[in-house]
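**Q** Sequence:
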Amino acid sequence: MKEQVFVDTGGWFAVLVGDDKFSKLAVPQYRLLVEAEAELITSNYVVAEVITLLRRHASWPAFHKLANQFKRIIGEGYVSLVNIGSRYDSPLHDAFMHWFGEFPRERLSYTDCVSFEIMRRLDIRNAFAFDRHFQKAGFRLIPGLP
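The sequence shown begins at 0 in numbering that gives the first Met the number 0 and counts up one residue at a time.
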């Protein structure tokens with residue numbers, strides 16, 4: 000079975016944006032994951048966050064180029080995209096909200112909670128992320144933070 004790795008917003012951003020503070024760690028690690036044919040998994044919530052961050056970071060021409068590069072990566076077939084519905088009244092939403100209660104002192108984002116629940120349900124232990132919240136939630140960060 001291939002190693003499963005959930006790719007979070009910070010991981011994608013560091014791979015895409017060369018001047019990000021984590022790019023030097025992220026790019027070689029991402030290449031290793033792709034070469035090892037790890038099963039990379041992300042969500043539509045993460046994709047939305049990445050696109051938003053790219054737009055805030057870059058001028059229109061640079062954003063357009065980065066967003067298209069990201070679209071190509073997602074579409075190449077080695078990234079599985081988990082599509083989460085948007086119904087607030089669903090039991091799934093309650094499962095996401097549970098994570099806020101697990102870590103009441105942390106300033107988690109809703110996307111973090113969605114990601115944790117996806118990882119729990121799919122039994123994914125590794126997160127390609129630069130967010131210590133993943134560690135606190137019991138997941139392993141790839142690469143490890145300095």
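In case anyone wonders, no lab produced these hints; they're calculated from the structure.
These figures come from a predicted structure and were not determined experimentally.
Keep in mind that the hints are not guaranteed to be accurate.
In silico lysine-lysine, DSBU-like type, Cα no more than 30 Å apart, as pairs [to be verified]:
#: 1; residue 1: K1; residue 2: K70
#: 2; residue 1: K1; residue 2: K135
#: 3; residue 1: K70; residue 2: K20
#: 4; residue 1: K64; residue 2: K135
#: 5; residue 1: K23; residue 2: K1
#: 6; residue 1: K20; residue 2: K64
#: 7; residue 1: K135; residue 2: K23
#: 8; residue 1: K23; residue 2: K64
#: 9; residue 1: K70; residue 2: K23
**Q** Just pull the numbers of the violated hints for me, sorted ascending.
**A** 4
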